[in-house]
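Protein sequence lines, in the order shown, are assigned to chains A and B. Just so we're aligned: 216 in the numbering used here is position 216 of the first sequence, and the numbers increase by one with no gaps anywhere. For the numbering used here, add 1000 to where a residue sits in the second sequence, where the first one is 1.
You may find that some hints are simply not true.
Capping the alpha-carbon separation at 30 Å, the derived lysine-lysine pairs in BS3-like fashion look like this [unchecked claim]:
no. : chain 1 : residue 1 : chain 2 : residue 2
1   : B       : Lys1061   : A       : Lys207
2   : A       : Lys87     : B       : Lys1030
3   : B       : Lys1064   : A       : Lys202
4   : B       : Lys1074   : A       : Lys202
5   : A       : Lys380    : A       : Lys59
6   : A       : Lys87     : B       : Lys1010
7   : B       : Lys1010   : A       : Lys184
8   : A       : Lys84     : B       : Lys1064
9   : A       : Lys202    : A       : Lys285
10  : A       : Lys80     : B       : Lys1074
11  : A       : Lys85     : B       : Lys1061
12  : A       : Lys85     : B       : Lys1042
13  : A       : Lys156    : A       : Lys202
14  : A       : Lys202    : B       : Lys1010
15  : B       : Lys1074   : A       : Lys184
16  : A       : Lys85     : A       : Lys160
17  : A       : Lys325    : A       : Lys345
18  : A       : Lys403    : A       : Lys380
19  : A       : Lys54     : B       : Lys1040
20  : A       : Lys208    : A       : Lys85
21  : B       : Lys1033   : A       : Lys202
The hints are simulated quantities; they were obtained by calculation from the structure and are not laboratory data.
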Amino acid sequence: MQQIELMAPAGNFESLQAALDNGADSVYFGVEQLNMRARASINFTLDDLPEISKRCKAKHVRTYLTLNTIIYDHDLSIVKTLVKKAKEADITAVIAMDQAVIACARELGLEVHISTQINITNIETVKFYAMFADTMVLSRELSLRQVKKITEAIEKEQIKGPSGKLVEIEVFGHGALCMAVSGKCYMSLHSQNSSANRGACKQNCRKKYTVIDQETGFEMELDNEYIMSPKDLCTIDILDQVAESGIKVLKIEGRGRAPEYVARVIKCYRNAIDSLENNTYDKEKVVSWMQELEKVYNRGFWNGYYLGQKLGEWSNGSGSHATQKKVYIGKGVHFYTKAKIGEFKIDAYDVSIGDTILVTGPTTGAKEMEVNEMLVNDEKLLTGSKGDTITIPLEFRIRPSDKLYKIVENKVEV
Amino acid sequence: MVVITLQRNKCIGCNYCVELAPNQFQMSKKDGKSVLLHAKDKKGFFTAKSNDDIIFDACDKASKACPVNIISVKNI
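Looking at chain A on its own, in the form it has when it is part of the complex:
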């Protein structure tokens, strides 16, 4: 079986580092405008492109710039600037939806990947876009059987992209699914004048809704008021079937998620893909991966439409069902390189021997470990509290810009 490329989300340098540290083969990210997370405060800037490229190249990780919103006339110049800068920074490819972006990238000699928003659902469309792109994300509503038919036809008919290699098919592997048709949605625009297609989704499908007959006022009895909020996609338990469908790239959602989310999800899927490769993928492992995935943000899991799932897999809450959460404790002060000891200043709560801590930072990424030894204000104590300075032997380097968290159990209200 051919190795699948694991593609990680990167909303900022913390997440990027977390993806790199946990085994991603490629990362995707947006810069300020014209991507599906344009509203997010945690976007990269154009000036970050060389640093992203440098960090990823050092680990032989491919880099994809998302440029996948709808494009207006006034955007055309910025499209050109973004593509040009991406090319200069040696970014691997742009992920595009609009034909203007595809044309621009091709003109400047940059590889193009077709975004899910184009809604490719058949082999003829694959053939059409093969004139411009080497990798294509299929529409989210396809079943694995349909995906397989497409990948087999690519092989049989030798459908090649501009690079001369066979077209690669990419699918979503894990993360949020929404009501929209493969990422195109007018709900936010209608209700809050905020177009999801410009990267300004307000996620109002995630709220509670009731259904009322306007003539009689009769309110339908609903077991679950979150009638438009699907659970999150998870394919780790069917990854063998996903791989058999002939896909080449597995994309993980979550550019708006915290770095520890990226770290944990990428780590699980890395293990799962590697297990498939060396024939050690089994049910026992799936159970442990699922437990790991449930610890971070999720709305409950389902397999999407891949197995021809019946409808009704709705989330039953507005927020996360994660079994763990992080609590801010303090910040990094110093790292003693020779002794490999990190010094932190505690700003809130306390931290004790036996606690699991999480350190995040733009260069550190997201590192988690259990505290086995600790000095509190140079004394051997079991607990450090607000105002204290603690030193902990660490397996990784920390920086003064890093934040220290404690991982605690999250009581989920359902």
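For chain A, the structure is supplied; the task is to place chain B on it using the hints.
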């Protein structure tokens, strides 16, 4: 007097302000973001003042429509 402020760096170029107040806003073809016409820049906050009270309504609509809430309009 009407005072309009645009926090330009957060603009996502959605174009609504131009649709609702075309005499006060224009989209820049240079960077795809909104430009508040005749405005002065103070650390990324672009402010324009006008004695023409008629523009208030249009700018107020633009302010309410802005998905990233970066336009403020005051009638003082």
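Hints versus structure:
no., hint, result
1, Lys1061/B <-> Lys207/A, "holds (26 Å)"
2, Lys87/A <-> Lys1030/B, "holds (19 Å)"
3, Lys1064/B <-> Lys202/A, "holds (15 Å)"
4, Lys1074/B <-> Lys202/A, "holds (26 Å)"
5, Lys380/A <-> Lys59/A, "violated (39 Å)"
6, Lys87/A <-> Lys1010/B, "holds (25 Å)"
7, Lys1010/B <-> Lys184/A, "holds (23 Å)"
8, Lys84/A <-> Lys1064/B, "violated (35 Å)"
9, Lys202/A <-> Lys285/A, "violated (36 Å)"
10, Lys80/A <-> Lys1074/B, "violated (36 Å)"
11, Lys85/A <-> Lys1061/B, "violated (36 Å)"
12, Lys85/A <-> Lys1042/B, "holds (28 Å)"
13, Lys156/A <-> Lys202/A, "violated (43 Å)"
14, Lys202/A <-> Lys1010/B, "holds (16 Å)"
15, Lys1074/B <-> Lys184/A, "violated (35 Å)"
16, Lys85/A <-> Lys160/A, "holds (27 Å)"
17, Lys325/A <-> Lys345/A, "holds (21 Å)"
18, Lys403/A <-> Lys380/A, "holds (23 Å)"
19, Lys54/A <-> Lys1040/B, "violated (38 Å)"
20, Lys208/A <-> Lys85/A, "violated (43 Å)"
21, Lys1033/B <-> Lys202/A, "holds (20 Å)"
In the structure shown, a violation is registered for the earlier hints numbered 5, 8, 9, 10, 11, 13, 15, 19, 20, in ascending order.
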